[in-house]
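Novice: This is what each chain is made of:
Number of protein chains: 2
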Amino acid sequence: MSDEPYRLYYWPSIPGRGEFVRLALAEADAPYVDVARLPEREGGGAASVIEVLRRELSVPPLAPPVLVDGPLVLAQVATILLYLGDRHGLAPADPAGRLHANQLQLTIADLVAEAHDTHHPVAMGEYYEDQMAEARRRAAHFTGVRMAKFLGYFERVLDGNPSASGFAVGDRLSYVDLSLFQVAEGLGYAFPRAFERLRGRLPRLGELRDRVAARPRIAAYLESPRRLPFSEGGIFRRYPELDIAAI
Amino acid sequence: MSDEPYRLYYWPSIPGRGEFVRLALAEADAPYVDVARLPEREGGGAASVIEVLRRELSVPPLAPPVLVDGPLVLAQVATILLYLGDRHGLAPADPAGRLHANQLQLTIADLVAEAHDTHHPVAMGEYYEDQMAEARRRAAHFTGVRMAKFLGYFERVLDGNPSASGFAVGDRLSYVDLSLFQVAEGLGYAFPRAFERLRGRLPRLGELRDRVAARPRIAAYLESPRRLPFSEGGIFRRYPELDIAAI
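Chains as they are written, first to last, in this note's numbering: chain A, 319 to 565; chain B, 319 to 565.
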């Protein structure tokens, strides 16, 4: 732990996986430097992300986002949120609730990876344009089967919360709710037709999305330049040819 | 926490993701019932896995493995290992080391998901035989690029551990080391040619693999019927046409 602002390292032009961390920092009102978004002459740019990945550390990160808090360097969204959740009251305080928040975040991570792979089904390091045929097939399965499975599951979680708080776990907002907001925003951006078709079956998720967006710190964040728009460079990309909802 | 044996729920015919949990339970010498491997008349079989997924719980699991400890029901391998690591001394005791173990486990989970997707690149719910062309392309990228990236990363972690323990994090064995053993076994099974080609660059991983296999409880486990063999039904499948190592 450090009194300095957190330092977040993530690709500067996309919300991507960094956004799950940014939303938690915004809700916590925690000061942070979004390092790669600084001008290059101030140590920013994508080069700053590469630099942190190459640092000699006892446990180095393989990929961003990376959160630096004094001597502590953490990677993997769910690990970073495990840490921030405890520090900023963004996770249940009881051990079971804390573990369940982590479990749900990992299930969100699975959904995010599958959403990403709709446009990169066979070669992560190559262009979408070079794997469009495979992408159509994967996207049909994603929009027709997988998206409903995952979102239906989260609806069940929200609806079945014994505290009837409307949140995913426990009686207060946690980082899981912030991440579910981002997933709903991202899927709504990338697959507007497929998402619209499911909306009627996801009333709790819709309510949660509105409620998160209306929280004062999140609302201020979303209107600020700190919030990056979705685009065709990130995880959630709007390629109309993939928004097919086969079933 | 409960004095009863743990109950593990996972598909009864494959090692799969359940194996990462089984290895931790074996090393901890923790009594557990591998529920789905019981005869059906004793409540076992795949139906027992379906049953636990359908239970009404405050936070239900979406998929196995599921670990039940008294009233606590946990899913997601890394969440289960976070719990078992603390309870059985299979993770560093210091907060940073504990988080780093979780971070490494999530990076292993990313590698496992990519290994799985080599044979199911476009439709998780359909047969391999119906996506062989796409699988060849994804496997070429995996064996030619991604496998070296991930395994090279873990080699760097093992080699750079400041304690020079030969383990991934800290000066003692953790669940991360057990999982790295399983990944090396699985990749060596599924992609013998591609894995063999990388071996010379992975001396630390090779040493770790031998060392884990030689631990008395793990050695006894590996020789017991509790250990399930790899097959063409799990994550790591030996399809010679996918073992191409394009680069």
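In case anyone wonders, no lab produced these hints; they're calculated from the structure.
Keep in mind that this is a model prediction, so the values were computed, not measured.
Hints may contain errors.
[What the hints assert, rightly or not] Between beta-carbon pairs, the in silico distance windows are:
(1) B:S483 with A:G388: 46 to 54 Å
(2) B:P543 with A:A365: 49 to 57 Å
(3) B:R517 with A:P543: 47 to 55 Å
(4) B:Y446 with A:K467: 14 to 22 Å
(5) B:G361 with A:E444: 30 to 38 Å
(6) B:P480 with A:P413: 25 to 33 Å
Every residue gets a Cβ at the ideal spot worked out from N, C-alpha and C, and that includes glycine.
Novice: The structure should be examined with respect to each hint, and the outcome stated for every one.
Specialist: Status of each hint after checking the structure:
no.	hint	result
1	B:S483 with A:G388: 46 to 54 Å	violated (24 Å)
2	B:P543 with A:A365: 49 to 57 Å	holds (54 Å)
3	B:R517 with A:P543: 47 to 55 Å	holds (49 Å)
4	B:Y446 with A:K467: 14 to 22 Å	holds (20 Å)
5	B:G361 with A:E444: 30 to 38 Å	violated (48 Å)
6	B:P480 with A:P413: 25 to 33 Å	holds (30 Å)
Checked against the numbered hints above, the structure violates hints 1, 5; every other hint is satisfied.
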